[in-house]
Amino acid sequence: MKLLTLNFLTCAIKTCKTSPASFPLHPRDCELEVVESESVNLPFLKNILPRLMWDELRVIADELGLPALPSTPPTRDDLVEPSSSSTTTISHAQNAGNAAEGQQQAEEKPSQTARDLHRVLLETCIKEGKLVCGNCGHEYKVMEGVANFLLPGHLV
Amino acid sequence: MSRPEDILPPDLFYNDTESRKYTTSSRIQRIQSEMTHRALSLLSLTTPSLILDIGCGSGLSGEILSQTPLEGTPGGPHTWIGMDISSSMLSVALEKEVEGDLMLADAGQGVPFRAGTFDAAISISAVQWLCNAESSEESPAGRLSRFFNGLYASLRRGGRAVCQFYPKNDEQKKMVSQAAIKAGFGAGLLEDDPGTKNAKTYLVLTVGGGELDGDITGVVGGMEGVDVMDTRRRGRGMKRGKEVKGSKAWIMRKKEQMERKGRVVKANSKYTGRKRRIQW
Ligand SMILES: C[S@@+](CC[C@H](N)C(=O)[O-])C[C@H]1O[C@@H](n2cnc3c(N)ncnc32)[C@H](O)[C@@H]1O
Ligand SMILES: [Zn+2]
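Chain order of the listed sequences is A and B. Just so we're aligned, residue 1 is where the first sequence starts under my numbering, counting upward by one. Just so we're aligned, residue 157 is where the second sequence starts under my numbering, counting upward by one.
Just so you know, the hints here were simulated from the structure itself, not pulled from any lab data. Even for Gly, the Cβ is constructed at its ideal location relative to N, Cα and C. Misleading hints may appear alongside valid ones.
[What the hints assert, rightly or not] According to the in silico footprint, chain A covers these stretches of chain B (three or more CB under 8 Å from chain A): (1) 203-214; (2) 232-241; (3) 258-272.
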């Protein structure tokens, strides 16, 4: 399971829904694996960036013993290699719909920051271990990278 | 023809043998691929997005989300997370090394993601399974409502979901659509080849607040055989022309509408309708 996913998963138990401590789930006894991908999906990173919970991502990285992440998140502009800066002045609307902008984005190159973010979010995976809710203590097992979120009937 | 849903619960029906048989059938591969492309065309994504695949199975639907526009996936390649109740199906997906993240979960128990996680969601040939309750503690209505409420919350404002499913009959079709509407979605039903044995039903769902503001008519409008169920009520005697979208009057009316639907809305303050500084 990618760290990206962990930045969005919450405890599934109904009574935890309203508790802030049910996010993020905390990894315990985890075995990590880096699954390299062919390329960095820069438009995806730009899209997802404002939705990340950065402080929680830092906590998780720390709990997993990964190198510390910067205290503030990168900006969208930080993700683009400066040499392709002729295109970075375009406004990156959420619904970057038209073909012209699509092409512009295709020309942009990911910066080292983008590659680092890609490595953390999309290539660093939890292979085995547990995810623990900070509110109720429920443990979700992860096996072969697949988290088990099936709940016993009385907890639904 | 007998429906698998009537024989066994999904996690028992999709056992190791059936999951392998399902995934390797070239007929099934073709049909699932066609339906996934159809669902994608209804999502109209223009940029690589984060997508939830409900009942992802062995990844026949998900692997299409990972493809590029040149390979036929609009806005792709997308990043997806799949949930499925059958560990056998997920094992086949692991063997195939699909790119999406997988989790073992029962959609009838809810959608365990924080609010506004996904740009979009798809579900191909799975939602009819939610119309069965496997234990006496559960009801189909309860399962459908937990699923659609969770799905609604997990999508970002302006997000969309498309669920292709096989309703047993008109009653089931209605039960599913009503559950989605009750959760807050704008909903439309699209039927391809209606009345034939190849009939396909797509439930197209929108979340208000984005570009579309929940207006489903813009998504499926003008399409053949589309049945739009628009439950949004217009304020009585409201002169719509005078109201500017985003203005205080507009926000107050929206809040009123939401309150009428029983949704929790922020209390009005003197700041209601004022611009706020963007944090990012
Ligand atoms: C016909 S398969 C479709 C799989 C995949 N979407 C595809 O297009 O090939 C239906 C899938 O729905 C899954 N399913 C059924 N009920 C479910 C539930 N309550 N929660 C999650 N998945 C479920 C089944 O396990 C099965 O993998
Ligand atoms: Zn919990």
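Consistency of the hints with the structure:
no. : hint    : in the structure
1   : 203-214 : holds (count 4)
2   : 232-241 : holds (count 6)
3   : 258-272 : holds (count 11)
In summary, the structure agrees with every hint in the numbered list given earlier.
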